[in-house]
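Engineer: Chains as they are written, first to last, in the working numbering: chain A, 1 to 118; chain B, 1 to 110.
These aren't lab readings, by the way, just hints derived from the structure by calculation. Please note: incorrect hints may appear among the correct ones.
Coverage of chain B stretches by chain A, computed from C-beta distances (three or more under 8 Å per stretch; other residues unrestricted) [what the hints assert, rightly or not]:
1) 16–25
2) 85–95
3) 98–109
A virtual CB, placed ideally from N, CA and C, is assigned to each residue, including glycine.
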Amino acid sequence: QEKLVQSGGGVVQLGRSLTLSCAASGFNFLDYDMNWVRQGPGKGLEWVALIGHDIYSQYYMESARGRFTVSRDNSRGRVTLQMNDLAVDDAGVYFCARSARNFASMDVWGQGTTVAVS
Amino acid sequence: QSVLTQPPSLSAAPGQKVTISCSGIGSNIGLHSVSWYQHIPGTAPKLVIFDNHQRFSGIPGRFSGSKSGTSATLAITGLQTGDEADYYCGTWDSRLSAVVFGGGTKLTVL
Chain A
1 QEKLVQSGGG VVQLGRSLTL SCAASGFNFL DYDMNWVRQG PGKGLEWVAL
51 IGHDIYSQYY MESARGRFTV SRDNSRGRVT LQMNDLAVDD AGVYFCARSA
101 RNFASMDVWG QGTTVAVS
Chain B
1 QSVLTQPPSL SAAPGQKVTI SCSGIGSNIG LHSVSWYQHI PGTAPKLVIF
51 DNHQRFSGIP GRFSGSKSGT SATLAITGLQ TGDEADYYCG TWDSRLSAVV
101 FGGGTKLTVL
């Protein structure tokens, strides 16, 4: 079964850092680009970052550039989102998701993890 | 404010048909294929449509997608109460070098 299992998240103080992780299983992780998508309280889905299957391509939403870093370990089937200088607007539920046919078609999603900024 | 524009909410009776629009510009929908997601808050989003009109595995034929120019549409026929959810369109934007989503449409099946 193709699966993404997330860990990390929690309550963090304004301006501090937090790392989210996502472990893949049941598919060849090397073949897929990976995303982070979030949903703030009362808001819609918002794409955060993408890392290419080859690790060299990385893209970020504008407000994440310079603060967030997406990385992956293809040997362990894991993708990570390092978030620095967290702001109130960064609070929400974060999902990792696998891109399928193209960047925006995400067919496998993690269960979501909550980030709260105090 | 989202890059792609969707109606905030729609409602229809069971058995009826509803269409959800998604409007963009040349650098996003005009150039790239559109995906649609069904999201029930508190759960993970589900891919419904990819490549503008392809149904994802397990999605019933009641769901269909189309694209014309810089707009896309998701149609759901034979509405069921289980279709109540938020629906989002998404695509790549070449100018932003980013995945962009619509603001979401809350579908109510009365």
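Engineer: Each hint should be assessed against the structure and marked as holding or not.
Structural biologist: Hint check results:
For the region 16–25 of chain B, the stated coverage by chain A is violated: 0 residues have a C-beta nearer than 8 Å to a C-beta of that chain, whereas at least 3 were required. Counting residues of the region 85–95 of chain B whose beta carbon lies closer than 8 Å to any beta carbon of chain A gives 5, which reaches the threshold of three, so the coverage claim holds. Judged by the Cβ-Cβ criterion of 8 Å, the region 98–109 of chain B is covered by chain A as claimed, because 7 of its residues qualify and three suffice.
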